Amino acid sequence: MSEHHEQSFWAQYIFSQDHKTIGKQFLWLGLFFLLFGGFQALLIRWQLAYPEQPVPWWLFGKLLFSETAGIIDPDKYNALFTMHGTIMIFWAITPLLIGAFGNFVIPLQIGAPDMAFPKLNMISFWTMFLASIVLLASYLLPEGTAAGGWTSYPPLSTPVGGIAGEGQTLWTLALTLAGTSTMMGAINYIITVVRMRAPGMTYFKMPLTVWGLWLTSILNAIFVPVIAAGLILLLLDRTIGTQFFVAGGLATVEGGDPLLYQHVFWIFGHPEVYILILPAWGIVSDLLSVFSRKPAFGAKVTAICMSTIVVLSSIVWGHHMYTTGMSPLLGKSFMFLTLLISIPSAIFFLNWLGTMWRGNLHFDPPMLFAMAVLWVFGLGGLTGLYNATITADIYLHDTMFVVGHFHYTMAASVLFGGLAAIYFWFPKMFGKKMNPLLGKIHFWASFIPLNYVFFNMMVLGYAGHHRRIYNPSEYEFLKPIIGLNESITLFAIILGVAQFVFLFNFIYSMVKGEKAEANPWNATTLEWTLEGPIPHGNFATTPTVYNGPHEYSNPAVKDRDWIAQSEPMPT
Amino acid sequence: MSEALAIKDPFGKATTGKLGMWLFIIMDGLSFGGLLIGGAALRAAAPSWPNPGELLNIPLTGFNTFLLICTSFTMVMALNSLEKGSQSGLKKYLALTMAGGILFLGIQVYEYSHFILGSPELTHNLAAAGFAEATNFLPSTGIYAAVFYATTCFHGLHVLSGVIYIGCILYASNQGRYSADDTDHIEILGLFWHFVDLIWIFVFTVIYLI
Numbered sequence: 013m014s015e016h017h018e019q020s021f022w023a024q025y026i027f028s029q030d031h032k033t034i035g036k037q038f039l040w041l042g043l044f045f046l047l048f049g050g051f052q053a054l055l056i057r058w059q060l061a062y063p064e065q066p067v068p069w070w071l072f073g074k075l076l077f078s079e080t081a082g083i084i085d086p087d088k089y090n091a092l093f094t095m096h097g098t099i100m101i102f103w104a105i106t107p108l109l110i111g112a113f114g115n116f117v118i119p120l121q122i123g124a125p126d127m128a129f130p131k132l133n134m135i136s137f138w139t140m141f142l143a144s145i146v147l148l149a150s151y152l153l154p155e156g157t158a159a160g161g162w163t164s165y166p167p168l169s170t171p172v173g174g175i176a177g178e179g180q181t182l183w184t185l186a187l188t189l190a191g192t193s194t195m196m197g198a199i200n201y202i203i204t205v206v207r208m209r210a211p212g213m214t215y216f217k218m219p220l221t222v223w224g225l226w227l228t229s230i231l232n233a234i235f236v237p238v239i240a241a242g243l244i245l246l247l248l249d250r251t252i253g254t255q256f257f258v259a260g261g262l263a264t265v266e267g268g269d270p271l272l273y274q275h276v277f278w279i280f281g282h283p284e285v286y287i288l289i290l291p292a293w294g295i296v297s298d299l300l301s302v303f304s305r306k307p308a309f310g311a312k313v314t315a316i317c318m319s320t321i322v323v324l325s326s327i328v329w330g331h332h333m334y335t336t337g338m339s340p341l342l343g344k345s346f347m348f349l350t351l352l353i354s355i356p357s358a359i360f361f362l363n364w365l366g367t368m369w370r371g372n373l374h375f376d377p378p379m380l381f382a383m384a385v386l387w388v389f390g391l392g393g394l395t396g397l398y399n400a401t402i403t404a405d406i407y408l409h410d411t412m413f414v415v416g417h418f419h420y421t422m423a424a425s426v427l428f429g430g431l432a433a434i435y436f437w438f439p440k441m442f443g444k445k446m447n448p449l450l451g452k453i454h455f456w457a458s459f460i461p462l463n464y465v466f467f468n469m470m471v472l473g474y475a476g477h478h479r480r481i482y483n484p485s486e487y488e489f490l491k492p493i494i495g496l497n498e499s500i501t502l503f504a505i506i507l508g509v510a511q512f513v514f515l516f517n518f519i520y521s522m523v524k525g526e527k528a529e530a531n532p533w534n535a536t537t538l539e540w541t542l543e544g545p546i547p548h549g550n551f552a553t554t555p556t557v558y559n560g561p562h563e564y565s566n567p568a569v570k571d572r573d574w575i576a577q578s579e580p581m582p583t
Numbered sequence: 163m164s165e166a167l168a169i170k171d172p173f174g175k176a177t178t179g180k181l182g183m184w185l186f187i188i189m190d191g192l193s194f195g196g197l198l199i200g201g202a203a204l205r206a207a208a209p210s211w212p213n214p215g216e217l218l219n220i221p222l223t224g225f226n227t228f229l230l231i232c233t234s235f236t237m238v239m240a241l242n243s244l245e246k247g248s249q250s251g252l253k254k255y256l257a258l259t260m261a262g263g264i265l266f267l268g269i270q271v272y273e274y275s276h277f278i279l280g281s282p283e284l285t286h287n288l289a290a291a292g293f294a295e296a297t298n299f300l301p302s303t304g305i306y307a308a309v310f311y312a313t314t315c316f317h318g319l320h321v322l323s324g325v326i327y328i329g330c331i332l333y334a335s336n337q338g339r340y341s342a343d344d345t346d347h348i349e350i351l352g353l354f355w356h357f358v359d360l361i362w363i364f365v366f367t368v369i370y371l372i
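Order-wise, the sequence lines are chains G and P.
Position one of the first sequence corresponds to residue 13 (this note's numbering), numbered consecutively onward.
Position one of the second sequence corresponds to residue 163 (this note's numbering), numbered consecutively onward.
Pulled out of the complex, with its shape left as it was, chain G reads as follows (with noise of 0.2 Å):
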């Protein structure tokens, strides 16, 4: 191929075309921006637990709110929270997740020289860093950054009535450019798995990984062009002097309609919970698989419960608006709707229980991870249930339980199975061995944290403390569950130490750490027949597809309990 001669430093490391630097680029970022969201994080709860405390200095207290002494003013906590959940969202398990894994893993693992729009894949990325920009810009307005939490609502989100400053502005256009990114990224990975895939290759020997991320993409595709329509037209009410969101007394016009914005918004939003957490089980069905030595139990079922849920979760979106005055009709068919929803799940699950059954575990930090999942996905699944329906939603709206549920499946789920990736796919992507002591030291630090965190946010759900409320010690009901916002404090910050172990590990590895051999997991699919630094159009031969992508322990093969799904089965 062309691609082979010598490249300058620009084209091969900041405008490259190539997926594998294009996937390194999104990591990156997901990382800056992981880091950036949990930091928010730790502030707000340093807020909910010390209420109008000053800001310790080691949370750079006096450097962040000099004005106030330390001290965090209702503004600048709104603006916490909407970011911490813009940012955590959309600028970091998204690239986390779908730029760097999607792009490193796809045409790996497909047998592919690369993207089909190699290209597009880079204006991608460039867009998502133009998005970065205008979003980091907005802190430098007078006024500060938007507030209005991470779904905007109006009126909140409006400049009639709404919260002052241009901040929501800039974030309105930086989340269109990131919905641009992210568009251009799903027609790469779609045409990319239907056009691209080796010899072979048919769509039940795709690992379940790209079974996940391809099937997000989907979702993407459908449902991002929606959001970026609605989010125009919430641009055009804060630039142009519409009022498509603007009613009542606030309005000079007649006919805005602030409900017709949730609805835009979650007919994409409640898909977007599915296109982060596809790809996170296909991955961890994948590990599990990988790391039990055993086929993944029931593989095409998962692959067609997965497919299951991208239909489902188009047509659920009500189950967010239960309490917008929706007529009762509407309500019980999306809470059925949302209800059936558990059974693909349910049987997913069980094939991931399935496939460790009797297995021979390998308790590697991925595994790890793959295994914390299977338990935070359970939780955050079976809390589920009680926002989905109507009776029990109504009093848990809103609530701090809603912030528990999501961040069980959201922050832990999927964060986890982006730390398994990371652990998985390091040696091929960096060539380095990581630390697996530090990395099973990462692991309990964050396992056990993050369990006491967000359980007993659902605790304090429960108990009736609203997930917004700036100073919960102004309310006499939640006194008497002070302590418990602090001891979660106490532990959130653990859970943030420990994030501190894995960075070191992970550039520690990079520089020096111990050189990874082609495939140190022992696994089947086709990134790991690849020797060395891969090149740019990556196999040297186009691979000829023979198994499917979990034959581990297969007793046709001698000698080792494993074979690449390129290798031809010894008959």
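It should be emphasised that the hints constitute simulated quantities derived from the structure, not laboratory data.
Remember, it's a predicted structure, so these values are computed and weren't measured experimentally.
It is possible that some hints are incorrect.
Claimed, not checked - Using 35 Å as the maximum straight-line C-alpha spacing, the simulated DSBU-like pairs for lysine-lysine come out as follows:
hint, chain 1, residue 1, chain 2, residue 2
1, G, LYS74, P, LYS246
2, G, LYS491, G, LYS88
3, G, LYS131, P, LYS180
Claimed, not checked - Over 12 Å on every C-beta distance to chain G, these chain P residues come out as not near it, computed from the model:
hint, residue
4, ALA176
5, PHE186
6, ASP190
7, LEU222
8, GLY224
9, PHE235
10, LEU267
11, GLU273
12, HIS276
13, PRO282
14, THR285
15, THR303
16, ASP344
17, VAL368
Yeah, the Cβ is synthetic: ideal placement off N, Cα and C, and Gly gets one too.
Starting from the structure of chain G, add chain P where the hints point.
Showing chain P alone in chain G's frame:
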């Protein structure tokens, strides 16, 4: 062996680029769908909705619609010329298509400027359409105006992108990049341009006619 393993492609001979454009068109259609359905929802809930015929210049925009349909025809002729091996025909018809697109945009700008600057006639029309005190028709004039501007402007930006896109392809045609055996780029451009035309039929119907 490898022939037995070869993957059956349900999309036949369509090139990868063409598949990408089809997918983009579906996604873009969903964006338009979001705007049109959102507009319809606002209209269904609005206390009153003006009769577009009293306010908008239907004959002018009707001509614009006809013009855009004609450019679809010239786009087909561009491809047809290339398939017959006529480079000059390709360039001629691409240029005609581009000119049609520019004229469409010009008429849209004229329409907008007429609304924004205002005139006694517009004031009269606005009063007839139920905007008693308005002298010009701005995005802030009402929810109908907001829907009108958002939808037509979003479409206009697509025409603008299309014109720029045709310009790039025309430039490459001048360099002799395409031949009767290599028509893919022209076909992909055609897909986009026909989509922009087709979606205009919906926009015209929803915003101007009903």
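Results for each hint:
Under the criterion of a C-alpha separation no larger than 35 Å, the hint pairing LYS74 of chain G with LYS246 of chain P is inconsistent with the structure, at around 74 Å. A hinted pair counts as satisfied when its Cα atoms are at most 35 Å apart, and LYS491 of chain G with LYS88 of chain G qualifies at roughly 23 Å. Taking the CA atoms of LYS131 of chain G and LYS180 of chain P, the gap is near 16 Å; set against the 35 Å cutoff, the hint holds. For ALA176 of chain P, the non-interface assignment is contradicted: its Cβ lies about 9 Å from the closest Cβ of chain G, within the 12 Å cut-off.
The claim that PHE186 of chain P lies off the interface is violated: its Cβ sits roughly 6 Å from the closest Cβ of chain G, which falls inside the 12 Å cut-off. Distance check on ASP190 of chain P: its Cβ comes as close as 7 Å (rounded) to a Cβ of chain G, failing to clear the 12 Å threshold; non-interface status is violated. Listed as outside the interface, LEU222 of chain P is consistent with that label: its C-beta sits roughly 23 Å from the nearest C-beta of chain G, beyond the 12 Å cut-off. No beta-carbon of chain G is positioned within 12 Å of the beta-carbon of GLY224 of chain P; the least distance is around 26 Å.
The Cβ of PHE235 of chain P sits about 28 Å from the closest Cβ of chain G, beyond the 12 Å cut-off, so the non-interface label holds. Every CB of chain G lies more than 12 Å from the CB of LEU267 of chain P, the least distance being 19 Å, so the non-interface label holds. With a closest Cβ-Cβ approach of about 17 Å to chain G, GLU273 of chain P is found to remain outside the 12 Å limit, as its non-interface label requires. In this structure HIS276 of chain P is separated from chain G by more than 12 Å, as the shortest Cβ-Cβ distance comes to about 18 Å.
Non-interface call for PRO282 of chain P relative to chain G: holds, since the shortest CB-CB distance, roughly 23 Å, exceeds 12 Å. Consistency note on THR285 of chain P: stated as away from chain G, and its beta-carbon is indeed over 12 Å from all of that chain's, at 18 Å minimum. Taking the minimum C-beta to C-beta distance to chain G, about 7 Å, the non-interface status of THR303 of chain P is violated against the 12 Å cut. Chain G leaves ASP344 of chain P outside its interface by the beta-carbon criterion, the shortest separation being 18 Å against a cut-off of 12 Å.
Against the 12 Å criterion, VAL368 of chain P stays outside the reach of chain G, whose nearest CB is about 14 Å from its own CB.
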